[in-house]
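**Student:** Same order as they appear, the protein sequences are chains A and B. Quick note on numbering: the first sequence equals residues 1 to 255 in my numbering. Quick note on numbering: the second sequence equals residues 1001 to 1255 in my numbering.
Read the hints as simulated data drawn from the structure, not as lab findings. For each residue, glycine too, the CB sits at the ideal point set by N, CA and C. Worth double-checking, as some hints may not be accurate.
Okay, the calculated bits of chain A under chain B, using three or more residues with CB under 8 Å as the criterion [said to hold, decoys possible]: (1) 127-133; (2) 147-161; (3) 215-229.
Which residues of chain B face chain A? A few of them, derived with a C-beta cut under 7 Å, are [what the hints assert, rightly or not]: (4) GLY1130; (5) GLY1158; (6) LEU1228.
Listed next, with one range per pair, are the computed distances between beta-carbon atoms [claimed, not checked]: (7) B:VAL1090 with A:ALA35: 46 to 56 Å; (8) A:ARG18 with B:ASP1100: 52 to 62 Å; (9) A:ARG18 with B:HIS1209: 32 to 42 Å; (10) A:LEU228 with B:VAL1168: 24 to 34 Å.
What follows is the residue order along each chain.
Protein chains: 2
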Amino acid sequence: MRRLRALLREPEVRRSERRFILEGPRPIMGALDRAADIETLFVGPGATDAFSPLVDRARKSGAAIERIKGEAIERISTTRSPQPVFAVAVMPETVESPADLDPSGTLVVTIAINDPGNLGTILRSAEASGAIAVMSCGSAVDPFNPKVVRSSAGAIFGIPVLEVDDPVRALKSLSPNWQRFGAYADAGVRYDSLPLAGGCAVIFGNEAHGISSDLDPFIDQRMTIPLLGLAESLNVAMAASVVCFEAARQRTLKS
Amino acid sequence: MRRLRALLREPEVRRSERRFILEGPRPIMGALDRAADIETLFVGPGATDAFSPLVDRARKSGAAIERIKGEAIERISTTRSPQPVFAVAVMPETVESPADLDPSGTLVVTIAINDPGNLGTILRSAEASGAIAVMSCGSAVDPFNPKVVRSSAGAIFGIPVLEVDDPVRALKSLSPNWQRFGAYADAGVRYDSLPLAGGCAVIFGNEAHGISSDLDPFIDQRMTIPLLGLAESLNVAMAASVVCFEAARQRTLKS
Chain A
1 MRRLRALLRE PEVRRSERRF ILEGPRPIMG ALDRAADIET LFVGPGATDA FSPLVDRARK
61 SGAAIERIKG EAIERISTTR SPQPVFAVAV MPETVESPAD LDPSGTLVVT IAINDPGNLG
121 TILRSAEASG AIAVMSCGSA VDPFNPKVVR SSAGAIFGIP VLEVDDPVRA LKSLSPNWQR
181 FGAYADAGVR YDSLPLAGGC AVIFGNEAHG ISSDLDPFID QRMTIPLLGL AESLNVAMAA
241 SVVCFEAARQ RTLKS
Chain B
1001 MRRLRALLRE PEVRRSERRF ILEGPRPIMG ALDRAADIET LFVGPGATDA FSPLVDRARK
1061 SGAAIERIKG EAIERISTTR SPQPVFAVAV MPETVESPAD LDPSGTLVVT IAINDPGNLG
1121 TILRSAEASG AIAVMSCGSA VDPFNPKVVR SSAGAIFGIP VLEVDDPVRA LKSLSPNWQR
1181 FGAYADAGVR YDSLPLAGGC AVIFGNEAHG ISSDLDPFID QRMTIPLLGL AESLNVAMAA
1241 SVVCFEAARQ RTLKS
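One chain only, chain A, in its complex shape (with noise of 0.2 Å):
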């Protein structure tokens, strides 16, 4: 129980042991649909009944099913109303080095994203777009975090995740045939006029202060999303989806 409860809320937990929480039957749908190893299920009162199918599959993955009790599940659990379902996961391999990824892809990179809603957000559009990872730098929420692996619906499974400390050695990491177009607010050329579709990697920043000019050495070409009205910005996954989206787009022209 210790050992669930740390899992939920300790990084440093979730890394030594290499294992995650998923809460509820949505995030372990997900898991179960991109193959991923679910160590142990976790049901309580009633769900054996109400998630059978989510129970069958989960077995048949070779997860071990564990009973726990109501009480249990709500000692444990960082939501208000848990569902009672949950899951230990392993952490799928992780990418080490851009050198690894497809030299023609699409790559997101963000700088220091705080909410998790938000990059749980950016991990759904980016699978879902066709990108290629997302390199995760500067100090940022963790991806294991339990809403963030909510938010990104599956998508933690679906796309590598490379995290770096450091955003300087980040971008510097990046092979010099891909161009680094970073995105801001008010400054930089049309998103949609960029070659996107590959061979590329795409940057945003930290919620409230965007990309920080220490890294403009390292920033290729600004770009924007043109904003109309009395709008001043966008919430950083929107401007991630929407540019992601382009990208995705702009592959389909090509090919």
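Since chain A is already given, all that's left is putting chain B on it; use the hints.
**Tutor:** Only chain B this time, still in chain A's reference frame:
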């Protein structure tokens, strides 16, 4: 005090008074940026100094400034750690009929959107992409709900919102010159192959159920955002953002 609590929590009270609440400095700033009518700004302990530019702008706009105690804010607020400024705003004038809208514009129609963050994000994307209005149909979250207002980032004042109870009546009410493009997760022509730049309605359904088949006769063309990998769907707010900015992109190509 009771009135303020009711304005935050009861849609009927908001309707009858034609007033609603802005919680925290960002929605208030967004309202002032759009020349919204702020009736009263409530300022908690320490906030006059901390938010003096905001208080000045509100005063100049004609708002009454009232001091309020910290405990009172705690009791009124809907957020866990309430910020020490909030305001009573006058509801913007609503557009009565789609006939009053620019017939060459892009109208965003939402059906039974339940999640306040989703509706707020759709308002924000619709405004920022230059759509002419948002028509919210069916049994949806109130657009003046404080969470919608917050996630709209001011857009609730920047784009007209039409509310229509019956989605059939809503779709029937649109000009016959307007093509009605419905968004579906799994079927339809590619969204970017459609003429989205003007004289059309882009229609998004409920989070769980999409667009009901009852509405089939009122959809002229099904559209979809092609998804890659194992992603099954996008969140409705992301899908609407992607489609709204594709419409904006097409509009600038035309001009």
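**Student:** Please go over all the hints and tell whether each is borne out by the structure.
**Tutor:** Evaluation of the provided hints:
no.: 1; hint: 127-133; in the structure: holds (count 4)
no.: 2; hint: 147-161; in the structure: holds (count 5)
no.: 3; hint: 215-229; in the structure: holds (count 5)
no.: 4; hint: GLY1130; in the structure: holds, 4 Å
no.: 5; hint: GLY1158; in the structure: holds, 5 Å
no.: 6; hint: LEU1228; in the structure: holds, 4 Å
no.: 7; hint: B:VAL1090 with A:ALA35: 46 to 56 Å; in the structure: holds, 54 Å
no.: 8; hint: A:ARG18 with B:ASP1100: 52 to 62 Å; in the structure: holds, 59 Å
no.: 9; hint: A:ARG18 with B:HIS1209: 32 to 42 Å; in the structure: holds, 38 Å
no.: 10; hint: A:LEU228 with B:VAL1168: 24 to 34 Å; in the structure: holds, 31 Å
The structure shown violates none of the earlier numbered hints.
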